[in-house]
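Number of protein chains: 2
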Amino acid sequence: MPELSLRGVFAPTLTPVNADLTIDIPAYFEFCNRLLAGGCHGLVLFGTNSEATSFSAGERMAAVDAVIEAGIAPEKLVVGSGAASFTEAVELTRHAVQAGCRGVLTLPPFYYPNVSAEGLFRSFAAICDRVNDDRLRMYFYHIPQVSGVPLSPALVARLAEAFPGQAAGVKDSSGDLENLLRLHEVAQRFPGFAIFCGTEAHLLQNLRGGGGGCISGMANVLPHVIRDLYDNWQAPDADERQNRANGIRSAIVASGHNMIASLKVIVADQTGRPAWSRVRPPLVELTGAERTQLLAALRAAQPPAV
Amino acid sequence: MPELSLRGVFAPTLTPVNADLTIDIPAYFEFCNRLLAGGCHGLVLFGTNSEATSFSAGERMAAVDAVIEAGIAPEKLVVGSGAASFTEAVELTRHAVQAGCRGVLTLPPFYYPNVSAEGLFRSFAAICDRVNDDRLRMYFYHIPQVSGVPLSPALVARLAEAFPGQAAGVKDSSGDLENLLRLHEVAQRFPGFAIFCGTEAHLLQNLRGGGGGCISGMANVLPHVIRDLYDNWQAPDADERQNRANGIRSAIVASGHNMIASLKVIVADQTGRPAWSRVRPPLVELTGAERTQLLAALRAAQPPAV
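Sequence order for the protein chains is P and Y.
Throughout the first sequence, residue numbering follows my numbering, covering 212 to 517 in sequence.
Throughout the second sequence, residue numbering follows my numbering, covering 212 to 517 in sequence.
These aren't lab readings, by the way, just hints derived from the structure by calculation.
These numbers were taken from a predicted model, which means no experiment stands behind them.
Among the clues, some could well be false.
[What the hints assert, rightly or not] One side of the interface only, derived from the structure: several residues of chain P facing chain Y at Cβ under 10 angstroms: (1) L232; (2) G269; (3) E302.
[Stated by the list, open to error] Covered by chain P, per the in silico footprint, the following chain Y stretches (three or more residues, Cβ under 8 angstroms): (4) 291-303; (5) 317-323.
Ideal Cβ positions, reconstructed from N, Cα and C, are used throughout, including at glycine.
Could you put together the complete structure from these sequences and hints?
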């Protein structure tokens, strides 16, 4: 089997903010280290769980620079580089490539719904053509329930064909297992093309199908649990480990609050820093009662291990 | 009746692009003049029909500066200032206010679906608070079928109450007449608050309900027809004029192609400049056959008058 362009457990890193909603860089750097020490193979800075689109391109690039300068190795980093305009996506992508990051995770332009596959192809092609750098490793980001803009397996295959090597993989956050399996078929045609699932609930199935791993919001709060599952995917009790991880996820999901705000509450609890609960608008932080309920549900699903 | 903050027929101005997809500034300036001479009371630069979100904030601000410098009076301009991040929206809004523009048309943050009314309120409030300029006149932009993020009449009322004067009105592009009527009720509570419809098909009903006018994509190609309707809304044959305008719109809509690409084809035809047909990805220009069909349908609905 050819080596994949990327493998492992990645956290779409939550972004801590100060009272004025600017990024809290010291807390951000500390959290990056915490996740890497906790089991993540790498980090995705400015994915959906990072509230990426709630920050301007300038804020995003400055934060990436800051954590690299503080000592996070750029080869541990994949950077979200999608934007509504391809010109902004070019800027974000070029910046990540030139900073030596391992790759970029790229949303389609997400304002207009019902755009054609041809239009989406041209959007991604405009980024690759203009960045024009052999070091580019782009992961296409399929999260239709949020972006409103699905990337079909046929479009992914067309991109992989047009930009060999640079089109490096897909993150499938649809939660649709059928789609993940179709992407495995696409990947078989392109050596090194890596499929990531957006939920660790599909991690075993993804690895068994030849995928690279997961980029899961839950890795922000349970990196060790997901890493353990990843490391033991061929162990006899792998399904049992998957079920244990699923149980914890279910407890969080069943609480019914916004997932990003919920994950930040859990990090606030784990780190003892209440400021971690802050989110940027349009998200809203959990109320005190919601926090209490969420943390109780989580403790019932798993004794605190961190 | 108190004077409204804004009245008239406005074109969400189409944005001409060069072969490299940068904005063709001379053609843009020429088109702004053409629309103002053709009957528009003013222009909305960088609305949905302008492909606003397909350009970076920097490109948008530079283009606004360029047409003002070339001679378009800023008091004729409302500038689209919405963005996925409030920090970018603050930058765009501040720029328009400082340039002396008449107002801003502001989308809600449009990445995350299903955000709460509280989160949307905080997003708009963050813009108004940070721009912190008495000259600000903000028009809230309700276009849920594109943005995925509706602005309820209750939210609009809360904003009008919180930012008197600065919260200056709404553009309702939902095409939902019931919603327009609910907004008229909101406007009655806030002197000067101006309701605009996004389709000239509702222009008479909007004016009869006390609204300010329309900001309609169709004004890019039929400014004289819509202006004529606006000027004669109290004439005995006003409904007949509305029906005539509706007939032309129906011919374009019935062609079934993307509306923005279609409007650009019509401008290419009207101006004799084929380059006008270009769009930015993720949109795709019409094929030759589609153009022929569209223009024939339009001619059948109305003899060329421009």
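- Message: Need the list of violated hint numbers for this structure, in ascending order.
- Response: none
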